[in-house]
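Peer 1: Take these sequences, add in the hints, and give me the full structure.
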Amino acid sequence: MWRRSDRLALLLCTAAAAAWAQPAPFRAVLPEGGPVELVSADWGASSATPRGGALLVDMHASLTLRNRSPRRIRAVTLQVVAQELAPGGRGAVTRPALDVAPDEEFSVRIDLRLMRPLAPQAAVLAEVALDGVLFDDLTFFGPNRMNARRTMLAWEMEAQRDRRMLARLLDSGGEEALRARLLETLARSSAGAMMPVQVVRGAAPATALEPGRAVELAALRLPEAPVEVLSGAAQVTGAEVRAPRVEIVNRSRRAVRFVELGWLAPDGSGRLLSAGTLPSEMHLPPGQRSTVRTETMVRFARPVDALKVYPALVEFEDGSVWVPTAAAWAQPGLREALPVSGEMARLAELYRKRGLEAVVQQLRAMR
Amino acid sequence: MKQHPSEADLALYAGGDLPFWQGLRLAWHLRGCESCRREAERFRAALASIREEAAASAVSDWDALEAEMRANIRLGWTAGELVRPERQTDVTLRHDWRSLAVVSAALAVVAVVGWTLHRPGGAAEPRAPETGIALQSTAEGFSVRWSAEDAAWLGAGRAPVAAAVSWDGSVRAPFVDEETGQVTIYNVAAQ
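Going line by line, the protein sequences match chains A and B. Quick note: the first sequence uses our numbering, first residue 1, plus one each step. Quick note: the second sequence uses our numbering, first residue 368, plus one each step.
Calculated from the structure, these hints are not laboratory results. These numbers were taken from a predicted model, which means no experiment stands behind them. Relax, there's no trap hidden among the hints.
Cβ-Cβ distance ranges computed for the label pairs, FRET-style:
1) B/Ser402 to A/Gln288: 52 to 60 Å
2) B/Arg392 to A/Arg335: 34 to 42 Å
3) A/Arg335 to B/Gln370: 32 to 40 Å
4) A/Arg335 to B/Gln389: 36 to 44 Å
5) A/Asp99 to B/Ser402: 26 to 34 Å
6) A/Ser320 to B/Gln389: 47 to 55 Å
7) A/Arg254 to B/Cys400: 52 to 60 Å
8) A/Ala177 to B/Trp395: 26 to 34 Å
9) B/Cys400 to A/Val29: 55 to 63 Å
10) A/Ala326 to B/Ser402: 25 to 33 Å
11) B/Arg392 to A/Arg72: 43 to 51 Å
12) A/Gln160 to B/Cys400: 31 to 39 Å
By construction, the Cβ of each residue, glycine as well, lies at the ideal position given by its N, Cα and C atoms.
Peer 2: Here's what the structure looks like:
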């Protein structure tokens, strides 16, 4: 028979042993034998803070990885999980625009704040894992839980398109034309290219008592787009847009499994700003129509009376991805309306920081 | 000045931001260098158009400006909350005395700007819903808001270069590191 004091002593010893053996609160786990190997992890000033009944996990980390595959790596996505199911518990960090040779090391910086239930006994607060690797031949490896493949492929295709576009501009118009385009991109970025937007789900609109009005959506037709927007409508109340319905048709010869519609809304001066995207998983055979809809409410920073919608990304059943082609940027009115791609913004930033020669070098090296 | 000035110096000169003597030397160079003079003119024109556009949007966009400043204030509060010693759990990995100075400065800015912004009927920032999840692009990045009190930011306060707020409740925001030029895309699913 154990006495109460013995039990207490045992409990204390067990607790002390558990505390001594407690692993680091942050952990990076990469698959053994995979194309990417963890060299080191610096968790820096990462911390966790109680906030009500939850724990705010603030991750500021730098991971050094090595390419263990025989191919060059173009992009890597890591998933960061503080908790699986509740809101704000999961995120992904992607490093696109890479050119990592076999056996070469590269780093991934993570600055992300997530939430998890307040559970002091939890050994690991957040875990970093591989979600996908994109190689230079556009093949993919990874569990793809955060749709890393689509994100990385779309970025890479947009990047290739924009670099080709700029290289052609350099060949035809010289450095002056290239500089003008980069300055135009910087000017658009500095003027703010995004409409502040709130996405509200599962909540009644703040202006529920006001009757909404049905607004017809204007379809932006892009050249060479495999999916065309035919028509659409949404309920608009002041700055709130609800229940959009967009009818689309598959003009291509391949079945489509995912469409992302881009939205544009005018600011106070009539300039079109990016107002978010509406993604939709589907099975859309060639020639067929479908209606993309959501019950989400979107609240803008100002009242809207007109909205434009266009196909921003299409993924086919065979896994290939379409993004708007260079022809769209050559069309009057479209270049000013379509949002600047991440790669174009990166190159414009490179010009601002290091001058035109640095951009020209990159365009030549990445041809 | 025998060598051509750098693009950075020309840009600073065009904006009137070069120190006096350096500016004088550069102006002397421009007198005899056609290509540099053209370059400086180009910078001047670009700056003028950016300023015009910024001025136009600033005048017509007081509400957005206020929302942006309020977002900055909230960021300061959150930073203060996160490094306050008595509320921090034992998982903090590194302490730095400079954090205290940053928090003090942030709180001072919060007090001054908050007082300045307080005017009747001036609540232009979109309200967080009582239930549900709200995502909002702000000047310093993307905030993901779970309730009226809780918000989080992606990219450690930097501004994304381009971004997509998805109407299904997720956010995709690419950031460029100013030092290295490296791109990082953050993707948070609010479900």
